[in-house]
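With UniProt numbering, letter number 113 in the sequence shown gets 113, and the count goes up by one each step, no holes.
Be aware that a few hints might be false.
[Said to hold, decoys possible] Subject to a maximum C-alpha distance of 25 Å in a straight line, what follows is the list of computed DSS-like cross-link-like pairs (lysine-lysine):
(1) Lys16 - Lys81
(2) Lys16 - Lys27
(3) Lys19 - Lys89
(4) Lys19 - Lys105
(5) Lys27 - Lys81
Please keep in mind that the hints were generated in silico from the structure rather than gathered at the bench.
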Amino acid sequence: MDKEVIAVSAMDAFEKLEKVGEGTYGKVYRAREKATGKIVALKKTRLHEDEEGVPSTTLREISILRMLARDPHIVMLMDVKQGLSKDGKTVLYLVFEYMDTDVKKYIRSFRQTGDNIPPQIVKSLMYQLCKGIAFCHGHGVLH
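Sequences are here, hints too, so could you generate the full structure?
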């Protein structure tokens with residue numbers, strides 16, 4: 001089977017629902033896995049292909065994310081899919097567990113209302129952040 005046909009059909013397994021973020025390395029979509037109905041986060045990253053195919057930095061990032069996914073304080077990378085953009089460029093889709101919000105949005109919601117974050121919630125958030133960072137550091141990954 002042609003490699004391009006496989007790449008395009010790999011993304012047929014998901015239905016993009018909405019764009020939830022955009023950063024330096026790509027766009028993030030809330031999506032539904034068609035077979036299970038499970039909601040996931042799809043991070044679409046365009047590859048800057050070199051002579052070897054997928055850049056070594058991208059392979060290293062995926063390897064680190066897979067290793068770190070074992071910790072409950074770190075968002076889990078579930079899968080990696082290759083596809084083609086509308087203009088025929090190769091893209092990677094990193095399939096993550098979907099989180100309803102992130103710490104930045106959560107803190108912003110308190111600032112917008114003028115409320116203080118309750119101390120117990122601050123302690124809980126800090127504990128979880130420290131546990132996640134400690135796991136990274138314990139595996140030689142600096143964040």
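How the hints compare with the structure:
{"no.": "1", "hint": "Lys16 - Lys81", "in the structure": "14 Å, holds"}
{"no.": "2", "hint": "Lys16 - Lys27", "in the structure": "12 Å, holds"}
{"no.": "3", "hint": "Lys19 - Lys89", "in the structure": "20 Å, holds"}
{"no.": "4", "hint": "Lys19 - Lys105", "in the structure": "15 Å, holds"}
{"no.": "5", "hint": "Lys27 - Lys81", "in the structure": "15 Å, holds"}
Consistency note: the structure conflicts with none of the earlier hints.
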